[in-house]
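Peer 1: Taken in order, these protein sequences are the chains called A and B.
Under this note's numbering, residues 1 to 294 are what the first sequence spells out, in order.
Under this note's numbering, residues 295 to 882 are what the second sequence spells out, in order.
Hints may be right or wrong, so weigh each one.
[What the hints assert, rightly or not] Label pairs and their in silico Cβ distance ranges:
1) B/Arg325 - A/Ser248: 19 to 27 Å
2) B/Leu362 - A/Ser248: 31 to 39 Å
3) A/Glu255 - B/Leu859: 44 to 52 Å
4) A/Ser240 - B/Lys378: 27 to 35 Å
5) A/Leu232 - B/Leu311: 31 to 39 Å
6) A/Leu232 - B/Leu362: 34 to 42 Å
[What the hints assert, rightly or not] Only some residues are given here: those of chain B computed to face chain A with a beta carbon under 8 Å:
7) Asn324
8) Pro328
9) Phe333
10) Gln337
11) Ala657
12) Leu857
13) Leu858
Derived by calculation from the structure, the hints in this document are not laboratory data.
Ideal Cβ placement from N, Cα and C applies to all residues, glycine included.
Given next are the chains, with one letter for each unit.
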Amino acid sequence: MTLLNDASALRNLHARARGWARVLKLPFRQQRWRGNAGEFMGGGTGSSLDFHDHRVYLPGDDPRQINWQAYARTGTYSMKLYREEVRPLVDVVLDVSASMFAFPSKEQRALELLAFAVESSLQSGATLRCHAIAGSKQQRLEPEVILSGKWPEQVSELHGTPSAPELNRLPLRAGAMRIFISDLLFPGEPESTLGCLSTRNGRGIVLAPYANDEADPGWDGNYEFIDPETGLPHEHRVESALLKRYESAYKRHFELWKAAALKHGIAMARVSAEAEFQKALQNEGVASGAVETA
Amino acid sequence: MNFMLANTWGLWALLGLPVVVAIHFLQRRNRRVPATTLFLLEQMKRESRTGNRFERLRTSIPFWLQLLMVLLITWLLVQPRWLKNDAVQRIAIVMDASASMQAFREPALKAADDVLGLLEGPLARAELTLLSSDAEAPSLYHGTQPGDLRQALAAWEPLLGVHDFSPALRVARGLVGPKGVVVLVTDHPLAASPPFGAHLVSVGQETDNVGWAGVTVEEKDGQWIWHALVKNYGSSMQERQWHALADGAASQPKSLKIAPGEIQTLSGPFPPDEVKKLVLRLQNDALPIDDDLPLVRPQPKTLALCPLEVGSNDLSEIFGRYAHLRLVKVPGESDLVAAIMTPSFALPEQRHGCFFQAKADPAAPYLKGSIVAEPHPLVEGLNWQGLLVRESKTMPRQSQDRVLLWQGERPLIMLRQMPSGGRQLICQFDLQTSNARKLPAFAVLLHRFLETLRGDKIAPEAANFDVRQKILVAHQTGSEAAPLVLSEREIPLQQARLLRAPAKPGHFTVRQGEVTLLTAAAHFADTREADLSQAKPFNELDQIKASQIETLHEADPNQRLWLLLLLSLLLGSWWFTNSKRELREVTA
Chain A
1 MTLLNDASAL RNLHARARGW ARVLKLPFRQ QRWRGNAGEF MGGGTGSSLD
51 FHDHRVYLPG DDPRQINWQA YARTGTYSMK LYREEVRPLV DVVLDVSASM
101 FAFPSKEQRA LELLAFAVES SLQSGATLRC HAIAGSKQQR LEPEVILSGK
151 WPEQVSELHG TPSAPELNRL PLRAGAMRIF ISDLLFPGEP ESTLGCLSTR
201 NGRGIVLAPY ANDEADPGWD GNYEFIDPET GLPHEHRVES ALLKRYESAY
251 KRHFELWKAA ALKHGIAMAR VSAEAEFQKA LQNEGVASGA VETA
Chain B
295 MNFMLANTWG LWALLGLPVV VAIHFLQRRN RRVPATTLFL LEQMKRESRT
345 GNRFERLRTS IPFWLQLLMV LLITWLLVQP RWLKNDAVQR IAIVMDASAS
395 MQAFREPALK AADDVLGLLE GPLARAELTL LSSDAEAPSL YHGTQPGDLR
445 QALAAWEPLL GVHDFSPALR VARGLVGPKG VVVLVTDHPL AASPPFGAHL
495 VSVGQETDNV GWAGVTVEEK DGQWIWHALV KNYGSSMQER QWHALADGAA
545 SQPKSLKIAP GEIQTLSGPF PPDEVKKLVL RLQNDALPID DDLPLVRPQP
595 KTLALCPLEV GSNDLSEIFG RYAHLRLVKV PGESDLVAAI MTPSFALPEQ
645 RHGCFFQAKA DPAAPYLKGS IVAEPHPLVE GLNWQGLLVR ESKTMPRQSQ
695 DRVLLWQGER PLIMLRQMPS GGRQLICQFD LQTSNARKLP AFAVLLHRFL
745 ETLRGDKIAP EAANFDVRQK ILVAHQTGSE AAPLVLSERE IPLQQARLLR
795 APAKPGHFTV RQGEVTLLTA AAHFADTREA DLSQAKPFNE LDQIKASQIE
845 TLHEADPNQR LWLLLLLSLL LGSWWFTNSK RELREVTA
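Sequences and hints are given; from them, build the entire structure.
Peer 2: Here it is in structure tokens:
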């Protein structure tokens with residue numbers, strides 16, 4: 001039984017993720033939020049204790065906000081404005097293509113990242129919305145379902161789609177933090193994918209789990225590579241020269257993604273599947289702004 | 295060809311080539327692994343696709359090193375040899391001359407041919423010798439041409455019985471020297487290795503055989519009757535037809551069923567008097583030599599005896615009972631005389647005779663003392679202890695007397711060889727008062743004496759013999775006497791005492807001048823040779839070849855170098871394999 005098919009294991013994963021979320025957080029503080037009242041500073045005026053501005057009283061304003069000290073000095077009604085505190089919006093998009101679960105370590109790391117994103121969002125009081133996507137197929141996942149560990153049943157039909165995830169089909173909310181958990185191992189330009197994460201004032205974050213079997217496979221000889229998406233075998237012979245070329249191609253692939261992410265202001269962190277989770281996430285996540293320490 | 299492989303089995307090591315290739319292919323056989331980055335590999339499709347497998351192998355240094363190792367190992371295992379410049383192949387083939395080899399003549403010829411096949415090519419000089427295991431037979435071939443030796447094999451005729459191979463093998467070893475090859479071609483494996491370093495090639499196969507195993511002929515009521523033994527040497531019930539051939543006519547074939555190991559006796563009378571010769575013939579089988587049983591009607595020489603007795607006929611009565619002995623009344627017509635030695639009797643000088651004392655005093659006491667027989671063919675094995683003889687006067691001993699029997703100090707029986715040729719048996723007792731006539735020993739003594747005289751008598755006779763049986767034929771001697779002729783072969787008189795029946799079954803005669811002294815038949819009745827159940831194949835040709843190679847060839851002088859190279863290749867292969875693995879681990 002894999003981790004994906006074990007609901008109790010997934011619940012346990014969330015229990016651990018709550019601990020991780022106390023140490024590392026999603027970068028909510030780096031952005032002005034809009035939305036319902038919450039704990040994070042919003043872009044407009046509100047009822048927080050943080051002073052924001054003064055302005056002339058206008059009819060209709062709440063008389064409780066009149067700055068009486070200023071009136072005593074100037075004889076003019078002026079208003080004292082405070083920052084608003086809002087609940088951030090978080091859209092978590094999980095790439096459920098088969099490549100995400102091709103290796104046990106990578107599968108675990110992908111699920112850990114999902115659990116972390118969900119738990120971190122919930123701890124921050126964010127309004128969470130989750131999506132699973134594979135190619136052109138998508139599935140909305142309720143946070144309760146994710147927490148119950150039964151979400152894999154709902155996405156089982158999405159597997160087997162080899163094409164790149166079409167994020168533009170997702171109803172991503174304006175101004176939301178958009179966390180895209182994907183290994184980014186699909187052909188095509190990064191622009192089309194990353195563009196969707198940054199449109200409409202979105203704050204894009206890409207968490208890309210990877211396994212050593214991909215980064216440094218150590219292939220030598222004849223292989224029958226099984227495409228996890230289709231299950232079809234592909235015969236290849238890998239010599240050392242070809243392996244080097246593969247490794248440089250792999251590296252170049254993610255350099256392109258990072259460059260594109262930088263261009264779109266998206267924080268992108270590759271998370272190793274082999275290292276301990278917090279260390280692996282902290283490694284690139286803090287530097288890139290994908291996560292921040294509590 | 296001056297190059298050869300001492301161990302062709304080593305060529306099996308070449309199978310290591312496909313094994314190495316297979317191992318490398320197996321190592322390089324597709325391993326099934328999941329790959330999430332196939333789209334990256336697809337970009338390098340042209341270089342990574344399967345393509346030519348050998349092209350892929352070409353890049354593997356350990357692969358080529360291992361192939362080279364296999365070739366080197368093969369080279370070392372096959373033990374290449376080069377013919378020495380001064381190599382001379384000396385091969386002596388000793389063909390078993392036992393009669394049983396007749397059943398395996400063709401395989402034996404082929405075996406000899408196989409031995410000749412061991413000869414190297416024209417570069418090696420050869421000295422070939424072909425001998426029969428019959429040490430008395432001349433060499434069949436000695437030369438350098440295998441073809442001539444093959445032709446000489448036609449003269450090989452195995453007819454002997456069981457005999458010792460050692461003399462022939464000794465001769466063969468002496469001819470080829472210590473480094474030469476001596477091959478004994480026989481039909482059964484030996485209990486011990488052949489002497490003188492000879493190699494054994496047995497061509498026999500267990501074979502059923504039914505044959506004549508012996509014959510006796512007896513005269514009964516004036517009619518000669520043969521009793522022939524037939525034996526089944528095989529391990530299964532056999533059925534054979536047999537018939538008799540006489541005077542060009544054949545009897546009706548009769549069927550004979552004989553169980554394994556059983557001996558049956560067939561009997562029959564000889565044909566009428568005018569037909570002297572007879573052949574009993576069995577249906578042919580693997581061994582033909584024992585399928586014919588030639589016989590002649592026996593015709594022993596008849597002795598003429600003249601009893602010189604007055605008033606009694608004791609002598610006539612005693613000697614009249616012996617077969618083939620005729621009593622005559624005129625001494626001049628007799629071959630020997632028998633007489634009672636009265637005081638006035640003088641022994642004839644030139645005649646054979648048998649003489650007894652005159653009647654003793656019936657009241658005289660019996661002689662005392664132990665009876666002792668001298669070692670002599672006439673008295674050998676006879677029991678004289680029951681002989682009772684009364685004291686009487688004795689004839690004085692002469693220098694030419696040979697005492698055959700003593701009682702105490704008194705000679706009882708003497709053999710006197712007269713200077714003029716007469717041979718006389720003198721009994722120092724009388725026939726009336728002694729009990730000699732009741733003793734079997736006395737009857738046997740007289741029979742032996744008569745047979746001695748019969749053998750010496752020059753007269754025609756007919757008899758049956760085994761093949762190669764020694765024959766004694768009384769013949770004329772002296773410088774004027776003609777040589778003996780055995781069938782068509784002339785035998786010098788000096789060799790007459792070595793005369794033997796022919797080695798092949800058949801009828802034969804021995805003549806001297808115009809006189810036919812012996813009409814006879816020789817038959818084969820050697821049951822050891824006729825038993826083919828112990829014949830088994832055995833072959834030491836491989837050993838012979840190996841020893842020849844060792845003797846005539848020199849080994850590869852660079853063998854140690856190849857061994858060193860092999861070790862280097864082994865280390866190289868190990869290094870290349872491990873360095874690759876370590877590099878991978880470090881990278882990981």
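Peer 1: Any of the earlier hints contradicted here, and which numbers?
Peer 2: 4, 11, 12, 13
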